[in-house]
Amino acid sequence: MSEKSEARAVGRLVRRIDAFASKHGGADAGVEYLGRRGARIVMVGQDGSWGDLVAPTYAVAQEAARGADVTLQDDFAGEMAARVRTGPYEWRRMAGIQIGGRPNT
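Using our numbering, the first residue of the sequence shown is number 24, and each one after it goes up by one.
Hints listed in this document are in silico derivations from the structure and should not be mistaken for laboratory results.
Please note that a few of the clues may not be correct.
Said to hold, decoys possible - Once the Cα atoms are required to be at most 20 Å apart in a straight line, the calculated SDA-like pairs of lysine to any residue come out as:
#1 K27 with A100
#2 K27 with V77
#3 K27 with G74
#4 K27 with T80
#5 K46 with K27
#6 K27 with A44
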């Protein structure tokens with residue numbers, strides 16, 4: 024990945040992270056390594072809403088999370104994980120995946 028394309032990727036991610044944080048009263052974020060696919064940025068808003076973004080590399084994800092207006096956490100645990108609020112969609116989706124239920128599409 025060239026420096027120019029890396030900078031563009033970071034910029035796009037920062038804008039999306041900031042938009043999420045703004046919509047949800049601020050946010051914490053954690054970066055998780057996905058292997059060759061890149062890295063996932065998991066965000067948890069102060070209101071319990073959560074979302075994630077995938078970056079092409081771990082370095083891009085880290086740089087975007089540091090450049091955004093969020094608190095970067097070392098991992099997705101403790102207080103950050105405890106704030107996550109799940110709704111009916113997530114419960115139906117998880118049950119369908121885990122017990123062979125019908126697809127949630």
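Now the hints, each set against the structure:
Taking the CA atoms of K27 and A100, the gap is about 34 Å. The hint is violated against a cut of 20 Å. Taking the CA atoms of K27 and V77, the gap is about 18 Å. The hint holds against a cut of 20 Å. Under the criterion of a C-alpha separation no larger than 20 Å, the hint pairing K27 with G74 is inconsistent with the structure, at around 27 Å. At roughly 14 Å between alpha-carbon atoms, K27 and T80 fall within 20 Å of each other, so this suggested pair holds.
For the given pair, K46 sits about 29 Å from K27 by alpha-carbon distance, which is inconsistent with the 20 Å threshold. A threshold of 20 Å between alpha carbons decides the hint, and for K27 with A44 the separation of about 26 Å lies outside it, so the pair is violated.
Hints 1, 3, 5, 6 from the earlier list are contradicted by this structure; the remaining hints agree with it.
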